[in-house]
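Asker: Going line by line, the protein sequences match chains A and B. Letter by letter, the first sequence follows residues 12 to 123 in this note's numbering. Letter by letter, the second sequence follows residues 66 to 174 in this note's numbering.
Calculated from the structure, these hints are not laboratory results. Since the structure is predicted, the reported quantities are computational estimates derived from the model, not experimental observations. C-beta: ideal position from N, C-alpha, C; glycine also. Take these hints with a grain of salt, some might be off.
In silico SDA-like links for lysine to any residue, alpha-carbon gap of 20 Å or less [stated by the list, open to error]: (1) K68/A <-> T159/B; (2) K106/B <-> D49/A; (3) K133/B <-> M113/B; (4) K102/B <-> A13/A.
Stretch-level coverage of chain B by chain A, calculated; a stretch enters the list once three of its residues show a Cβ under 8 Å from a Cβ in chain A [claimed, not checked]: (5) 93 to 99; (6) 149 to 161.
Chain A side only, calculated, beta carbon under 10 Å to chain B, not exhaustive [unchecked claim]: (7) T66; (8) D70; (9) G111.
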Amino acid sequence: EAQVTQNPRYLITVTGKKLTVTCSQNMNHEYMSWYRQDPGLGLRQIYYSMNVEVTDKGDVPEGYKVSRKEKRNFPLILESPSPNQTSLYFCASSPHSNYGYTFGSGTRLTVV
Amino acid sequence: EDKVVQSPLSLVVHEGDTVTLNCSYEVTNFRSLLWYKQEKKAPTFLFMLTSSGIEKKSGRLSSILDKKELSSILNITATQTGDSAIYLCAVGNTDKLIFGTGTRLQVFP
Numbered sequence: 012e013a014q015v016t017q018n019p020r021y022l023i024t025v026t027g028k029k030l031t032v033t034c035s036q037n038m039n040h041e042y043m044s045w046y047r048q049d050p051g052l053g054l055r056q057i058y059y060s061m062n063v064e065v066t067d068k069g070d071v072p073e074g075y076k077v078s079r080k081e082k083r084n085f086p087l088i089l090e091s092p093s094p095n096q097t098s099l100y101f102c103a104s105s106p107h108s109n110y111g112y113t114f115g116s117g118t119r120l121t122v123v
Numbered sequence: 066e067d068k069v070v071q072s073p074l075s076l077v078v079h080e081g082d083t084v085t086l087n088c089s090y091e092v093t094n095f096r097s098l099l100w101y102k103q104e105k106k107a108p109t110f111l112f113m114l115t116s117s118g119i120e121k122k123s124g125r126l127s128s129i130l131d132k133k134e135l136s137s138i139l140n141i142t143a144t145q146t147g148d149s150a151i152y153l154c155a156v157g158n159t160d161k162l163i164f165g166t167g168t169r170l171q172v173f174p
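Chain A on its own, in the form it takes in the complex:
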């Protein structure tokens, strides 16, 4: 089944403790992206990647890192999480940057 797999689904962590949210897609898509979704603010792009070893900042990249060493994987790294990074995170992939995205199931992150 074609899908984007995110893990974990839920995560509660403490301020400053490094964490990684994994994202993997099995559709051979070139384009991958991370979004966060907050009430009243909608989906905001954190980082995106047009292809392997190519990543770019989105609209809200501060406090996040990404890497794209393989086509299928695009992990999101929070080196020192803070409470304002509490949010619902989505990974998405697509054949093209402006084509229909396939979204992962989401990761609900709480930083206390």
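Following the hints, put chain B in place on chain A, whose structure we already have.
Answerer: Structure of chain B alone, referenced to chain A:
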């Protein structure tokens, strides 16, 4: 700055009603406009509209792109309780999709 604005923010209707959701945009290098439905978690794809395909229909849902007015509408006829969701509009340029904040639709029996 690129932006996508959806209206209304929220809509409450009875089953059987017809609803129209609006999306307007100011985005450089426009390539596509997409509609998504978000129920509990991940958004699911509904339609993609481009310069070469400005009208789409699937069952009770239909959408039109007006490139002159920089806007789109999503129509849902004969609404059902299963249509209750947040409907997201997104506009694609050369780099990414820019999302609106969504319209929350609630359909009551």
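Asker: Keeping to a limit of 20 Å between CA atoms, is the pair of K133/B and M113/B held or broken?
Answerer: Judged against 20 Å, a Cα distance of about 17 Å means the pair holds.
Asker: Can the hint on D70/A be confirmed by a CB-to-CB distance to chain B that is less than 10 Å?
Answerer: This hint holds: D70/A lies near chain B, its Cβ roughly 8 Å from the closest one there, short of 10 Å.
Asker: Would the hint linking K68/A and T159/B be met if the CA-CA limit is 20 Å?
Answerer: Holds: K68/A and T159/B sit about 14 Å apart, inside 20 Å.
Asker: Is the Cα-Cα distance between K106/B and D49/A 20 Å or less?
Answerer: Given pair K106/B, D49/A holds - Cα atoms ~13 Å apart, limit 20 Å.
Asker: Would the hint on G111/A stand, with a C-beta cut-off of 10 Å toward chain B?
Answerer: 5 Å, holds
Asker: Within the assertion that chain A covers the region 93 to 99 of chain B, do at least three residues meet a Cβ-to-Cβ distance smaller than 8 Å?
Answerer: Per the Cβ count (3), the hint holds.
Asker: Quick one: see if chain A covers the region 149 to 161 of chain B, three-plus residues with Cβ-Cβ under 8 Å.
Answerer: Holds, because 7 residues of the region 149 to 161 of chain B bring their Cβ atoms closer than 8 Å to Cβ atoms of chain A.
Asker: Closer than 10 Å between Cβ atoms is the bar; does T66/A clear it against chain B? Give me holds or violated.
Answerer: Violated: closest Cβ of chain B sits about 12 Å from T66/A, beyond 10 Å.
Asker: Keeping to a limit of 20 Å between CA atoms, is the pair of K102/B and A13/A held or broken?
Answerer: Holds, at about 19 Å.
When held up to the earlier numbered hints, the structure conflicts with hint 7 and nothing else.
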